[in-house]
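There are 2 protein chains.
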Amino acid sequence: MPDSNSIALSGKTLRSSKQRQSILDILTQQHAHLSAEEIYQSVKLLHPSISLGTVYRNLEILTEIGAVYRASFADGKARYEMASPGHHHHLVCLKCGNIEDIMECPMAKDIESFMENRDFQPLRHYFEIYGHCAKCKQK
Amino acid sequence: MPDSNSIALSGKTLRSSKQRQSILDILTQQHAHLSAEEIYQSVKLLHPSISLGTVYRNLEILTEIGAVYRASFADGKARYEMASPGHHHHLVCLKCGNIEDIMECPMAKDIESFMENRDFQPLRHYFEIYGHCAKCKQK
DNA sequence: ATCGCTGCAAATCATTTGCAGCAGC
DNA sequence: GCTGCTGCAAATGATTTGCAGCGAT
Chain A
941 MPDSNSIALS GKTLRSSKQR QSILDILTQQ HAHLSAEEIY QSVKLLHPSI
991 SLGTVYRNLE ILTEIGAVYR ASFADGKARY EMASPGHHHH LVCLKCGNIE
1041 DIMECPMAKD IESFMENRDF QPLRHYFEIY GHCAKCKQK
Chain B
941 MPDSNSIALS GKTLRSSKQR QSILDILTQQ HAHLSAEEIY QSVKLLHPSI
991 SLGTVYRNLE ILTEIGAVYR ASFADGKARY EMASPGHHHH LVCLKCGNIE
1041 DIMECPMAKD IESFMENRDF QPLRHYFEIY GHCAKCKQK
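Which chain is which? The protein sequence lines are A and B, in order.
According to this note's numbering, the stretch in the first sequence is residues 941 to 1079, in order.
According to this note's numbering, the stretch in the second sequence is residues 941 to 1079, in order.
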C-alpha cells in the first residue's frame, strides 16, 4: 500500500533530478506514446550528456510508482506515456505508426461476466487494435 | 491473393525440409504457446545440429504464409502456435506463466459498432489478460 | 543445375547492469 | 555524509543476417 506523501521504491527513498523531471515534462507535454529512444532524443536537447541508460532507469522507476504507463507493442518496442486516471487502449496505424488512445474497454461487459465463470483472477489486460488511420486509409 | 497449391513467399517457392516439418509437428502436437527458444530445444531432440537461426527463419516464413500465429507478450518474447481457424486471445498467468486460450473476442459487440463511428480501419487486434490462474490463485 | 534451406558465427536492437564519481537531502 | 542518481561502457537476451555448403525439385 503506497503512501502518496513519501514515495518509496522497494525500501528506497526517491530523490529528484533534473533528468527525471525532464523525462516527465516531455511525457506530459508531448502527450504521446514515446519509445525510450524517442524520449532519449528529446531529453538530450535539454541535457546533452544524458545517457540512454538513465532514461531506461527512470522510466522503470516511474512505471513502478505508477506515474508512467508502459505498453509493449507488436514491434517488440515499449512505448511510454503519462499514466492517466482511467486506463485505456490503443489504435495503432500500420502505415504511419501513429498511436491513438481509445477509452472504450472490452473488459467492461460480456468479457467481465465471462471471467467470473472462469477460475482466473484478471489483474491487468492489454487491448491494441492495428489497422489504417483516417489519413492512410484512402491511399 | 495467395494460391493454396503453390505456396510462394515474395517470389520464392518454398521447399520442404525436415527441420521445418519438425517445427510444425511440435507446434501441432504440443498445442501450446512456445517461444522460439522452447521450440529450438524441442526440435534439437530430433535434429541435434539444428540452429536457433533456422528456427527463427522458419517461424518467420510459417508466420508469413499464415500457418503459424505469432503473438508478442509483455515480457518482450514472442510465442508461436499453429494458426487456428477462429482467432482467439489469451489468459496469461503472472505467477506460473501458463497461457490459456480464450475464444471470446472483444471486437464483437460494442467495440465493433464503436469502430464504425471512428475513421479507422481495423485490420487485426490483440487482447491479452494477465492475472492469476486457478492454481496460483489460492497461494 | 537451380536456388531454397541449413549450420555457424557475427551483427543488430532493445534493454539492463556494474562501477566510480556526483548530487540531493 | 549517506545513498540515490548519473554517464559510460560492457553485458544480456531476443532476433536477424551474411556466408558457403548442402539438398530438394
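Any given hint might turn out to be false.
[Claimed, not checked] Ranges of calculated distance between the beta carbons of each label pair, as one might list FRET restraints:
#1 A:L1063 with B:L1063: 53 to 63 Å
#2 A:Q961 with B:T968: 52 to 62 Å
#3 A:Q970 with B:I1005: 32 to 42 Å
#4 A:L1063 with B:R1058: 20 to 30 Å
#5 B:D1059 with A:S956: 17 to 27 Å
#6 A:G993 with B:G1006: 52 to 62 Å
#7 B:E1056 with A:R997: 39 to 49 Å
#8 A:S957 with B:N1038: 37 to 47 Å
#9 A:S1053 with B:E1052: 45 to 55 Å
[To be verified] Here are the computed lysine-lysine pairs in the BS3-like style, where the Cα-Cα straight-line distance is at most 30 Å:
#10 A:K1017 with B:K958
#11 B:K1035 with B:K1075
#12 A:K1017 with A:K958
#13 B:K1017 with B:K984
#14 B:K958 with B:K1017
#15 B:K1017 with A:K1035
#16 A:K1035 with A:K1075
#17 A:K1017 with A:K984
#18 A:K952 with B:K1035
#19 A:K1017 with A:K1035
#20 A:K952 with A:K984
#21 A:K1017 with B:K1035
#22 B:K1017 with B:K1077
#23 B:K984 with A:K1035
#24 A:K1035 with A:K952
The hints are simulated quantities; they were obtained by calculation from the structure and are not laboratory data.
C-beta atoms are modelled at their ideal positions from N, C-alpha and C, and glycine is treated no differently.
So, going through the hints one by one against the coordinates:
The supplied range of 53 to 63 Å is broken by L1063 (chain A) and L1063 (chain B), whose beta-carbon atoms lie about 28 Å from each other. Between Q961 (chain A) and T968 (chain B), the C-beta spacing of about 53 Å keeps the proposed range 52 to 62 Å intact. Judged by the Cβ atoms, the range 32 to 42 Å given for Q970 (chain A) and I1005 (chain B) holds: they are separated by roughly 39 Å. Our hint of 20 to 30 Å for L1063 (chain A) and R1058 (chain B) holds, since their Cβ atoms are close to 28 Å apart.
Our hint of 17 to 27 Å for D1059 (chain B) and S956 (chain A) is violated, since their Cβ atoms are close to 42 Å apart. The hint said 52 to 62 Å for the Cβ distance between G993 (chain A) and G1006 (chain B), and at roughly 40 Å that hint is violated. Our hint of 39 to 49 Å for E1056 (chain B) and R997 (chain A) holds, since their Cβ atoms are close to 43 Å apart. Checked against the hint of 37 to 47 Å, the pair S957 (chain A) and N1038 (chain B) passes, with Cβ atoms roughly 40 Å apart.
Between S1053 (chain A) and E1052 (chain B), the C-beta spacing of about 18 Å breaks the proposed range 45 to 55 Å. Simply put, K1017 (chain A) and K958 (chain B) have alpha-carbon atoms about 33 Å apart, too far for the 30 Å limit, and the pair is violated. Between the alpha carbons of K1035 (chain B) and K1075 (chain B) the distance comes to roughly 10 Å, so the proposed pair stays at or under 30 Å and holds. Simply put, K1017 (chain A) and K958 (chain A) have alpha-carbon atoms about 26 Å apart, close enough for the 30 Å limit, and the pair holds.
For the hint linking K1017 (chain B) to K984 (chain B), the alpha-carbon distance of about 20 Å falls within 30 Å, and the restraint holds. For the suggested pair K958 (chain B) and K1017 (chain B), the alpha carbons sit about 26 Å apart, so the restraint of at most 30 Å is met. Of the pairs offered as hints, the one joining K1017 (chain B) and K1035 (chain A) holds, with about 24 Å between alpha carbons and a cut-off of 30 Å not exceeded. A C-alpha spacing of about 10 Å is found between K1035 (chain A) and K1075 (chain A), which places the hinted pair at or below 30 Å, so the restraint holds.
As the CA atoms of K1017 (chain A) and K984 (chain A) are separated by approximately 20 Å, the hinted pair is consistent with the 30 Å bound. A threshold of 30 Å between alpha carbons decides the hint, and for K952 (chain A) with K1035 (chain B) the separation of about 25 Å falls inside it, so the pair holds. A hinted pair counts as satisfied when its Cα atoms are at most 30 Å apart, and K1017 (chain A) with K1035 (chain A) qualifies at roughly 17 Å. Among the hinted pairs, K952 (chain A) with K984 (chain A) is consistent with the structure: their alpha-carbon atoms are about 27 Å apart, no more than 30 Å.
Between K1017 (chain A) and K1035 (chain B) the alpha-carbon distance is near 23 Å, which keeps this suggested pair within the 30 Å criterion. Between K1017 (chain B) and K1077 (chain B) the alpha-carbon distance is near 24 Å, which keeps this suggested pair within the 30 Å criterion. Distance hint between K984 (chain B) and K1035 (chain A) is unfulfilled; the C-alpha atoms sit about 38 Å from each other, more than 30 Å. As the CA atoms of K1035 (chain A) and K952 (chain A) are separated by approximately 43 Å, the hinted pair breaks the 30 Å bound.
Hint compliance for this structure: hints 1, 5, 6, 9, 10, 23, 24 are broken, all remaining hints hold.
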